[in-house]
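*Asks:* What follows is each chain in one-letter form.
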Amino acid sequence: MNIFVLLRLAPDTVEELEIGGDGKSLDADILRFKPNDPDEHAVEEAVLLKEKHGGTVTVAALETPEVDDILYTALAKGADRAVKLTGDLGAAQSEAAARLLAGFLKAGGPALAPDTLILLRSQSIDDLEGEVGPYLAEALGLPYACVVTQVAPAGGAVKVTREFSGGLRGEFTLPLPAVLGIQSAEKPPRYVPIAKVRAAMKTARIETVDAGAVEQPARVGVERMYKPEAAGRAVMIEGAPEEVADKVVELLSKNSVI
Amino acid sequence: MAKPILMLAEQVRGQLSDISFEMLGLGRRLADALGAPLSALVLGSEGAPLAARLGLADKALTAEDPRLNMAPPGTMADALRQVIEKEQAGLVLIGATNVCMGVGSILSARTGLPFVNNVRQAQAEEGAVRLTSQMYGGKILADVRLGGACGIAGIYPGAFPADAGRSDKAPPVEAAGVTVTAPKETFERYIEPETGDVDITKEKVLVAVGRGIQTQDNVGMAEELAAALGGAVCASRPVIDQGWLPLSRQVGKSGMNVKPRLYLALGISGAPEHWEGMQGSQCIIAVNTDAKAPIFDGAHYGIVGDALEFIPLLTDRLKARRG
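So the sequence lines, in the order shown, correspond to chains A and B.
Numbered per this note's numbering, the first sequence spans residues 42 to 299.
Numbered per this note's numbering, the second sequence spans residues 5 to 327.
It should be emphasised that the hints constitute simulated quantities derived from the structure, not laboratory data.
These numbers were taken from a predicted model, which means no experiment stands behind them.
Even for Gly, the Cβ is constructed at its ideal location relative to N, Cα and C.
Any given hint could turn out to be false.
Stated by the list, open to error - Quick list of simulated restraints, FRET-style, between CB atoms:
#1 B:186 / A:155: 18 to 26 Å
#2 B:234 / A:236: 31 to 39 Å
#3 B:286 / A:239: 35 to 43 Å
#4 A:240 / B:220: 44 to 52 Å
To be verified - Only some residues are given here: those of chain A computed to face chain B with a beta carbon under 8 Å:
#5 187
#6 255
#7 260
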């Protein structure tokens, strides 16, 4: 199977986020980036599929600061090829990013190889649309499934499990080529020691492909960005750990929980 | 008069989800403010009895085709596109749920309408609609203005009151006249929720563990605390993804919706996806090392500290009380 995984760095939301001077975006100077959680799952699923069924894994990302790190990490985890798309990318939002990625995927010819499977995060946290997969599938004219937690090749197709709600899931079959929005891989994403990533940096090469320019302007723009005001705030229980535990017991007893 | 507002009711195997009423209440408020009619669309077989419950809509439309039951996003988007054209709808409301995920983006790609997802607030203003989208895991809000009140809004579950969408009236119900094209993605079967040893939706006390629990061994500590409280252990997504607890214990968007008397959130940051599944808990006590964790914005009681230190201290005290 010819597997592509499309990656993007996202701001680490564990860190403090600040609004930039324009009032419409985050202050890029203080952002710390990390791979999207579901992207890590997409890489894991791709490598698991390759280990089980053979094939090649290509990871690709639009150029952003520090993006080399996630590409090398994916190579260290078992990807075969890494591609960085450069060009006049601006802050490509979901739809524009999807078109650039589609352009890269179609560069080999009008039709994708029949055994092509494209994996990416089911959801994103860093734009208004919150998902790039459906736009990509539309741009490529391919079938799409999201919230996917299991993938199994079945002839010229893949069988996938997707989540609905309340624990209910559904099984779908998609003919290949197909685009899958991954929620979680079959196993937790593997850990690679930094030494292995460094080794990948020495031996592997990231290919650079010119993706051109963003043609599709965003259909709607952000007018204002701000931090939410907490609707309420928890009553904080303070003190030494033992004291806190005593207070919680008291609280539970008062509320007749114990 | 402003263009009609269209909302996509969400049903899961013949049951309307809460999000349907949340969107209906919101749709009614926006429609009244804009002077626009409100239509509700129910996709899937046996939609008519469900449509009859959407009394706040000026009319309810059905597309009774089994291929629209839990349909792939492209199939749902295609049905919606046809209805938008027929009704000349301007604003389209869709649930930002797992069931409808992907529909808004595909519809946007096919119609050229802008798509704003994860909407938590919405106001009509002078022929336009201002939407507030939740980004970056709920840490940032972004305001967007849809000129002409035209566009697609993915409505975040739990952001608008469901009660505002319920009514005893029945709306006029019509067939939408949708032509269903065979989806490229074939639905094979439902996979029923795993029935574990414990049904966490029925427990009165839940000890919930998140990333902060750090290792699988520490889950045992939480089990012990749950036993001392006469409750059960549940978890947020990262813990389930690690395989430390079965799927049947997952709380949140993909997992269970729980409303226990006590929800003890240990090492859970409070991402919106988790919050969605436990916000109805009667009493939420959260323990987290990060004083700025969003869980403290919604919990009733908060403790800034290490859950791993807190768990045994509390367990010991509860055991001592019982003697």
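*Asks:* The structure should be examined with respect to each hint, and the outcome stated for every one.
*Replies:* Checked hints:
For the hinted restraint 18 to 26 Å between residue 186 of chain B and residue 155 of chain A, the CB-CB distance of approximately 20 Å keeps it satisfied. Checking the proposed 31 to 39 Å range against residue 234 of chain B and residue 236 of chain A shows it is violated: the Cβ atoms sit about 48 Å from each other. For the hinted restraint 35 to 43 Å between residue 286 of chain B and residue 239 of chain A, the CB-CB distance of approximately 51 Å leaves it violated. Roughly 29 Å separates the CB atoms of residue 240 of chain A and residue 220 of chain B, a value that falls outside the hinted 44 to 52 Å.
At a threshold of 8 Å, the smallest CB-CB gap from residue 187 of chain A to chain B is about 5 Å, leaving the interface hint in force. At its closest, the beta carbon of residue 255 of chain A sits 16 Å from a beta carbon of chain B; the interface hint therefore is violated under the 8 Å criterion. Interface hint status for residue 260 of chain A: upheld, as the beta-carbon distance to the closest one in chain B is roughly 4 Å, under 8 Å.
The earlier numbered hints that this structure contradicts are 2, 3, 4 and 6.
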